[in-house]
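Trainee: What follows is each chain in one-letter form.
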Amino acid sequence: MKNKQVVALLGNPNSGKSSLFNQLTGLRQKIGNFPGVTVDKKVGFCRLSSSMDVEILDLPGTYSIYPNSLDEQVVLEVLANPKNPDYPDLAVVVADASNLKRNMLLFEQISDLGVPAILALNMLDVAEESGISINSGKLSKILGIPVVELNAREGIGIEGLKHTIFNQLQHKKTHINPPAFDKKSENIFDEVNAKFGIGNKYLALQYAAQAQKLMFLGETQQKDLEDIVKKYDFNADKFQSAETIERYRDISSTLNEVIIEEGVKKETITEKIDHILLHKVWGYVIFLSILFLIFQSVFTIAETPMDWIDQGIAFVNDFLKSHLPDNQIVSLLTDGLVAGIGGVLIFIPQIAFLFAFISILEESGYMARVVVLMDKLIRRFGMSGKSVVPLISSMACAVPAIMSARTIGSWKDRLITIMVTPLMSCSARLPIYTILIALVVPNNKVLGFFNMQGVALMGLYLLGFFSALLAGWIMKFMLKSSERSYFIMELPTYKKPRWKQVGFTILEKVKTFVFEAGKVIIAISIILWVLASYGPSDKIEKAESKVLSENPTLEHAKLDSKLASVRLENSYAGHFGKFIEPAIKPLGYDWKIGIALITSFAAREVFVGTVSTIYSIGADAENETTIKERLRNEVNSETGKPTFSVATSFSLLIFYVFAMMCMSTLAVVYRETKGWKWPIIQLIYMSVLAYISAFLVYQFLS
Amino acid sequence: MKIIFILEPKKVILRLFEISLNKIIVQTEKTVADLKIGERGIINNFKDAAMSLKLLEMGCLPDTEVMLDFIAPLGCPVGITVAGYHLSLRKREAATIVLK
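Taken in order, these protein sequences are the chains called A and B. Read in order, the letters of the first sequence correspond to residues 1001 to 1702 in the working numbering. Read in order, the letters of the second sequence correspond to residues 39 to 138 in the working numbering.
By construction, these hints were calculated from the structure, which means they are not laboratory data. One thing to keep in mind: the hints can contain errors.
To be verified - Derived, one-sided and incomplete: chain A residues facing chain B with beta-carbon distance under 10 Å:
| id | residue |
| --- | --- |
| 1 | N1068 |
| 2 | D1096 |
| 3 | N1099 |
| 4 | D1237 |
| 5 | T1270 |
| 6 | D1274 |
| 7 | H1275 |
| 8 | Y1284 |
| 9 | L1377 |
| 10 | T1407 |
| 11 | S1410 |
| 12 | Y1486 |
| 13 | A1690 |
| 14 | I1692 |
What the hints assert, rightly or not - As a list, the in silico DMTMM-like pairs of lysine to aspartate or glutamate whose alpha-carbon atoms are at most 20 Å apart:
| id | chain 1 | residue 1 | chain 2 | residue 2 |
| --- | --- | --- | --- | --- |
| 15 | A | K1272 | B | E77 |
| 16 | A | K1238 | B | E103 |
| 17 | A | K1172 | A | D1307 |
| 18 | A | K1101 | B | E103 |
| 19 | B | K85 | A | D1237 |
| 20 | A | K1042 | A | E1363 |
| 21 | A | K1041 | A | E1672 |
| 22 | A | K1101 | B | D101 |
| 23 | A | K1376 | B | E103 |
| 24 | A | K1238 | B | D86 |
| 25 | B | K74 | A | E1271 |
| 26 | B | K129 | A | E1629 |
| 27 | A | K1184 | A | D1224 |
| 28 | A | K1496 | A | E1154 |
For glycine and all other residues, C-beta sits at the position ideal for the given N, C-alpha and C.
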């Protein structure tokens, strides 16, 4: 047998495709990219029998093979090109049984492209509740392909599906039932077939109808197809609308034979919930309360495990230092590596909580209601209600958020969303916020139950949100576009979140964070340790001997600490910091913070790691403390006051709310906008905004 | 107004006629945007060809029954039930679906 066969999962959004994917593959999955586009490609492996493993490819959810967004375009790209390495040997079309008619449209189109298929009827329980029963055996007979009953949420029917996939791969069956083609279409088919060798009529007509969207064809072939279209005066829109109407007619008559609907439709639970959640007052109150709850819990619940991690790292460092000889290698291990790893691990609780909440909002179907609630408000700011999803997800991370903006059909709406999304505070900013807030905001309760620090945190998030709106509003006037966009969106029924699915999301995101961000943070921590421990020529030695000769009587511990700080001051890192000090002094930062600012250009989360590395090098080794205590004890050598004063801390907080300090975000904006123009504009406007705001805050508070 | 009138009187009159004609059409054709909450209607045709492609795909077919479920707090978007599920669309989009 050839190497692994590919089974593609297809289906409408909200049909339960992703839970089926998780059921089939378990944890044997990986995320990659489709060549040429940045759409996530989820691939997993599934064992069908002792001798057969197949690759399961999760394709983006779509309503038809006529794409309206970049995500959906991937489906066409893969299915219209049998030479594509991802072209499936078999398609499993997942259909929401409670809404079979609309789901069948995609199934019919995929089948007509010539892909062998299985129809998986999912959510039969929901269908039954609304009085719909389906005779799947009869449906299978009519269609001529296997029809499988599933409950992907509960994992019922998975073994049967695997068995069916196994059998279908041995004896592939296709269901070809294209709409009637008129004379013009037949002529076009003949020409496309002659030129491209495509024997499948429906596929050949897709080449003609959607030539511009088939990237794999290349320009000359697209040009050839356009010529054919022109020659026959082929109207792709008319073809599509006639096809859709005819298919629905055909599907209706098929379904009439297999579906029994009984009982008068009562008001469903979803409708009852919508009365409250979309209420003109309660809708907004509830939405804001949910957001508030998220921030309170991210701050308060996550605090305990974060303290454990912080203390754990300090303990490990202490242990290593006291049990290993005092030399350069050990210093690299403890002050460089362990401190750096600590800076990564400590974010895990907060990231996990944030992603848990976001995935619960999406899973339950509430996110779609937020889109409805916010559309009109947010449209004033140059975006669409659909921008809410990227804006909210960017509270976790701007990179997936900017990628999720692909569901926005209009280029202008999408561009504005991409440009302002990084202003929303992401989880990488959380550690900076957390530490600085803990330093300057008292841990008091207001009105008995609001945690002051939680309120301050929410304030920073709101600041990011409102500045994103403002930036969008300004860009609305600067960007001109005559392109039309539409909103049309399915409102899924409310569902209980599947905890397993939420767990998968948390695991996936935390894993990505630890490995992707971790790599950068650890690398930078090590580089930083080198830069902070060595200096140009013999400056460090000279400064050391100067200290020794000046303070001959000082006791041992104090001398050590003084030595450490002059060593840092004269190191490479110290020189960098001093070099930029004039520029950042008006913001209230000293050269040590300057070092952290430079390194955090790679990624914001590096800031805390850097600060922790710098101050642990500068601190006396006998008394290893947590990051927070280290910062609190840091004293400015010139003024004798704490370095992290109220003014400096708030200035830093504001700086990080606005600053575009994330290479990955710049890279993803470059990929999504296909050029350097927009990422560069974004970098400049956000940096200027950050500098000016931090300046004003510092000058005002000090 | 006067200057335009001198320049192209025919066009201005034609334009005025068009506007009043449009008004009559708007008044006579009932669309989904005109429905009250809980009210039903049967789809007749679409005013906007490009948008109709997406609407058709989502199951808004001629002769299908639609019901207005809700109007969002700020008057837009609206929610409808069509083909057994819930769809949300902007008021401007709903106004392109002409009812019988």
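Trainee: Decide, hint by hint, whether the structure agrees.
Mentor: Structure-based check of all given hints:
no., hint, verdict
1, N1068, "6 Å, holds"
2, D1096, "8 Å, holds"
3, N1099, "5 Å, holds"
4, D1237, "6 Å, holds"
5, T1270, "7 Å, holds"
6, D1274, "6 Å, holds"
7, H1275, "8 Å, holds"
8, Y1284, "7 Å, holds"
9, L1377, "7 Å, holds"
10, T1407, "13 Å, violated"
11, S1410, "12 Å, violated"
12, Y1486, "6 Å, holds"
13, A1690, "33 Å, violated"
14, I1692, "33 Å, violated"
15, K1272(A) - E77(B), "17 Å, holds"
16, K1238(A) - E103(B), "23 Å, violated"
17, K1172(A) - D1307(A), "57 Å, violated"
18, K1101(A) - E103(B), "14 Å, holds"
19, K85(B) - D1237(A), "14 Å, holds"
20, K1042(A) - E1363(A), "18 Å, holds"
21, K1041(A) - E1672(A), "16 Å, holds"
22, K1101(A) - D101(B), "15 Å, holds"
23, K1376(A) - E103(B), "27 Å, violated"
24, K1238(A) - D86(B), "13 Å, holds"
25, K74(B) - E1271(A), "16 Å, holds"
26, K129(B) - E1629(A), "56 Å, violated"
27, K1184(A) - D1224(A), "17 Å, holds"
28, K1496(A) - E1154(A), "12 Å, holds"
Hint check: violations occur at hints 10, 11, 13, 14, 16, 17, 23 and 26; the rest are consistent with the structure.
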